[in-house]
Structure formats: C-alpha cells, structure tokens
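Let the hints inform the model, and build the full structure from the sequences given.
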Amino acid sequence: MMRVVSLIALTLFAASAAHARTADALLKELRAKMTRAKSYTAQLAIKVDVPFMRVPDMTATLKHTAPDKTTIDAPGFAMLPKEGVDLGALKLLSKDFTAIDMGVEKSMRKIKVLPSDESSDIVVATIWVDTVAMVARKVVSTTKKAGTVTIDLSYDDAKARAYALPSFTKISMEMDPLKIPKSISGDFDGNSRKQAAKPGPVKAVVEVRYSKYDIK
Amino acid sequence: MMLTAYRVEMEKVFSKWRTYIGFIALGALVPIIVIALGIEGQDYLNIITQQFGSQFDFKGNLINGYTVAFIIFAALYVHVPFLITLVAGEVLAGEATSGTYRLILTRPISRATMVTAKYLAVVTYTVLLVLFMAIMSLGLGIPILGTDSLLVLRSETITILAGNDLMWRFVLAYCFAALSMITVASVAFLFSSLVENAIGPIMTTMSIIIGMTIISAIDVPIFDYLRPLFFTNHMNGWKFFFDVPANSEGMTYAADWTRVAISGSVLLLHIVGCFVAAQIIIRRKDILT
Chain A
0 MMRVVSLIAL TLFAASAAHA RTADALLKEL RAKMTRAKSY TAQLAIKVDV PFMRVPDMTA
60 TLKHTAPDKT TIDAPGFAML PKEGVDLGAL KLLSKDFTAI DMGVEKSMRK IKVLPSDESS
120 DIVVATIWVD TVAMVARKVV STTKKAGTVT IDLSYDDAKA RAYALPSFTK ISMEMDPLKI
180 PKSISGDFDG NSRKQAAKPG PVKAVVEVRY SKYDIK
Chain B
0 MMLTAYRVEM EKVFSKWRTY IGFIALGALV PIIVIALGIE GQDYLNIITQ QFGSQFDFKG
60 NLINGYTVAF IIFAALYVHV PFLITLVAGE VLAGEATSGT YRLILTRPIS RATMVTAKYL
120 AVVTYTVLLV LFMAIMSLGL GIPILGTDSL LVLRSETITI LAGNDLMWRF VLAYCFAALS
180 MITVASVAFL FSSLVENAIG PIMTTMSIII GMTIISAIDV PIFDYLRPLF FTNHMNGWKF
240 FFDVPANSEG MTYAADWTRV AISGSVLLLH IVGCFVAAQI IIRRKDILT
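Keeping their order, the protein sequence lines are chains A and B.
Going by numbering that gives the first Met the number 0, the first sequence opens with residue 0, and the numbers climb by one from there.
Going by numbering that gives the first Met the number 0, the second sequence opens with residue 0, and the numbers climb by one from there.
Hints may be right or wrong, so weigh each one.
As the list claims (entries may be wrong) - Each computed SDA-like pair below joins lysine to any residue, with the alpha-carbon atoms no more than 25 Å apart:
1. A/K202 to B/D242
2. A/K144 to B/A161
3. A/K143 to B/N45
4. A/K144 to B/V219
5. A/K81 to B/L44
6. A/K178 to B/F57
7. A/K62 to B/A161
8. A/K81 to B/N45
9. A/K111 to B/S53
10. B/K58 to A/T147
11. A/K178 to B/L85
12. A/K144 to B/G59
13. A/K37 to A/G146
14. A/K143 to B/F57
15. A/K178 to B/Y76
16. B/K58 to A/D151
17. A/K46 to B/V219
18. B/K58 to A/A44
19. B/K58 to A/G146
20. A/K202 to B/F57
21. A/K81 to B/K58
22. A/K81 to B/F57
23. A/K178 to B/V219
Because the hints were derived from the structure by calculation, they are not lab data.
What follows is the structure, given as structure tokens:
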C-alpha cells in the first residue's frame, strides 16, 4: 500500500515538476533523449489507406544517423508519406526553434513549435508531450507542400521508448481527389459523372509499425 | 475428317500474306514501345508524382517489365481487333470471292465440318496472335527493364500490385484477351458468312467496334443503359484482374472475380451465338460460286 502511494506521489511530483519546466526546456529535454541514439535502424511495416488507392502492405528499413540523416530503403516498391515516417516533425527539435506553451491537454503538455529556419518545409508544429514518459504522443505539423499532417505515436517497445522512438505511428493527412484523364487511364467505358460528383479532399491514413530496433 | 479439314484450313490461313501482318506489326511495335518507355517512361508516372508527390515519396523501379507490358496491353488492345478481322473476315467470304466454295464442298465433308474447321483455324490464329503479344511484351520488358510493382491507373482508382503477385494476373489477363479477340473474330466470321466479298466483313466488324467504343466514351446518361450491352465494353474485362491487390491477411489470387465472370460470360455468349449463326447461315446458303 505504501509503495502504491509513493508511486502515485512520485508520478504527481514528476508531472508537476514537468509543468513547472518551460516549454523550451521540456522540448530540449525531449531532444536530448532522442539524440542519445547516435544511430539506429528499424524495420517498418507500412499500411496505406487512401480511399481511391489500393495499395498492398509494404515493408522498408529505416536508417538514422545523428543528427538528422535519415534514409528509408524498401526491397521493392514503397509509397511513403513525406512527413511522419522518419519522424520529420520531431527533427525540428534538432535545429533552432521557438516554443510556445499552449498549456496542458489530456494530461500532456501542448507546445507549439516555430522553426527559426525559414527554408524549413514545416511552418508550424504542435507537439503533445507526455511529461511522465518524456515522449511526444501527438504531432500536428503544417507544411508548405503537404498541408497539415497529424501523427499519433505509440511506444510499446521499452528499449526504443528510452530513446523516444515509437513502435507505431498513425499519420493522417488530407489529399486532393484523384484526377486521371481518360486518355491516360484508357477507361472509356465508365461513367465519369459519378466521379465528378465526389466531394473535395479525402482523408488518407498511413500506419507504420516500427520493429527490430538496432540502437547504437 | 475434322482434323484433316482443320489442317487444310490452317495451311490456307498461314499461306496468306495478310495473316502475318499482325505478327509483323506487333513484332515491330512492341520493341519500339519497350525501348521508348524504358527511356522516357517516367513521364507516364508524372501524372501521379505531380498529384501526390508533395505528400508521398514513391520508391522502387516503377517503369519495369510488368508496367511496360501492361501499357502495351492497354494500348494495343484497341488496335489488335483490326488485325484479327483481317483474317477472320476473309476466311469464308474469301472462298466466295475466289469461287472455291463449291470446289471445297465437292469433297466428302459436310458444311458444318467445313465451317467448324475454318472457325477453329481463325481461333488458332487469334490465340497465337495474343500469345505472340504476351511473349513479346513480357519477354522483352522483363529482361530489359526488370521486375517490380505495377501501378495501375484507372479513372477512379490507383491500384498498386506487388511484383510477386503479378505473373498469374498477366497469364489470366492474356487468356481473357484471347477470349475477347475470339469474340471479335467470331463477329467477323459471322459477317464473313453473310457476304461474298472479304472487305465487307472486315469493315463492318471494325465499324461496329469503333461505333460501340465511341458511344461508350460519350458521357451521356442515355448511354449508361446501352454500355453493358456492348461486347466491346466487356472486352475490357482483362483489367479486372488488376483491380484488387493481395493483402497481408493471406488473401491471394485477389481480383474482381464477379465482373470477370460477367464479362467472360457475355463474351462467351457472343462467341457461341456468332458461331451457331454462321453455321445456320452457311447450311442454308445457296452457294452459286
């Protein structure tokens, strides 16, 4: 009983201590945790769910070398979101940024991040930081090219969690509807009026499972 | 008796210069297309990379042997019927034109046997032409450009099929293509039984195919009811083999089997109908030449 009370007290203390920290300090702490890994590799299992696309499940290998060199190799074809798979939004933290504290939401610190580098593709990102586990649970980034991308992160692998590396990410974004001319598709037998009646942007979801982490 | 008649008809078909036009045309076109797509095929995929390139990275060898074979399949599929009708439209009417109908029928074979032997010769030619297209496309494409996934672009969907899930689809698609081309051959064969000039069946069959294709392409509501009735619409059924990818839950041999079955049945009905009609017409025909 005493141990449980102590654990709860410790958790509450850690949470209040974390809240006491500034947003900037919190993100730097998160960055320090992430940069503890000089390099790592992981196997990716990727599932793409776009309403007008039928894509088989794919596999790839992620290789990261500090500070920000990330490559993804696939044995064959792979269709990968430009944002999210390589934790690009969190890579923001490896460069200069301005952090704005947005308060606490669902027991997580909500911090808005503005990159100092004007050439950065990410215009602004909001990061929900789990201050107990010291990991990012959710990232919403607004990019110049890909629009707004939402990334939900899970950390089931304890070893990877120690480096703030996720075991699962769910990347959501909006895509423009498909526009393929009949001269390309060769579908002269269809009824394109049905297609024209479809609404505007569609929601695309990409699920990535990270496994077999080799962290150095 | 049937085997002898079939052998004689095959010799007749393959002794004519026009029979080889199809093989020569495909033999010349396919290598050109393979090489051209190998050099500049990326432009074909730009339609995708331009639309979704800001959000997705596409990795892998997308201009590969399968992609090129698929593009050739889709492109030549419209034109191969003309090569088929050149032979199928001539096979019966040609006898009337050259005045050899009566000479053939002086031999101890029935009219039914003669028509069946000629029809089988036409079917053999058709299957060989499709087989030749398959061998040329895949046989050249894969060694030159390698293998990888296939990106299938349709008006409403994009389907990506893994490289190890493609060969069976191509085999069945070419089988379906053979069925489609046999339908064209059967229509031309039927018209060939009606007239005494080979040009007529060739032109009539092509006019029907072109007419049906144009009506199908015009997006007017009234044509929505007509399209399913056109055999040209069902000839595109080969594409249904490339509509459903296999997934990680162990679903293999995935395709739109219902639509394949419907289109295949419609084509088979046309084949049987045209063959039976040609048999009846020739049996009742007053042969004067």
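Checked hints:
no.	hint	verdict
1	A/K202 to B/D242	21 Å, holds
2	A/K144 to B/A161	28 Å, violated
3	A/K143 to B/N45	21 Å, holds
4	A/K144 to B/V219	37 Å, violated
5	A/K81 to B/L44	18 Å, holds
6	A/K178 to B/F57	18 Å, holds
7	A/K62 to B/A161	23 Å, holds
8	A/K81 to B/N45	17 Å, holds
9	A/K111 to B/S53	23 Å, holds
10	B/K58 to A/T147	23 Å, holds
11	A/K178 to B/L85	38 Å, violated
12	A/K144 to B/G59	22 Å, holds
13	A/K37 to A/G146	31 Å, violated
14	A/K143 to B/F57	19 Å, holds
15	A/K178 to B/Y76	23 Å, holds
16	B/K58 to A/D151	24 Å, holds
17	A/K46 to B/V219	38 Å, violated
18	B/K58 to A/A44	15 Å, holds
19	B/K58 to A/G146	21 Å, holds
20	A/K202 to B/F57	19 Å, holds
21	A/K81 to B/K58	12 Å, holds
22	A/K81 to B/F57	10 Å, holds
23	A/K178 to B/V219	20 Å, holds
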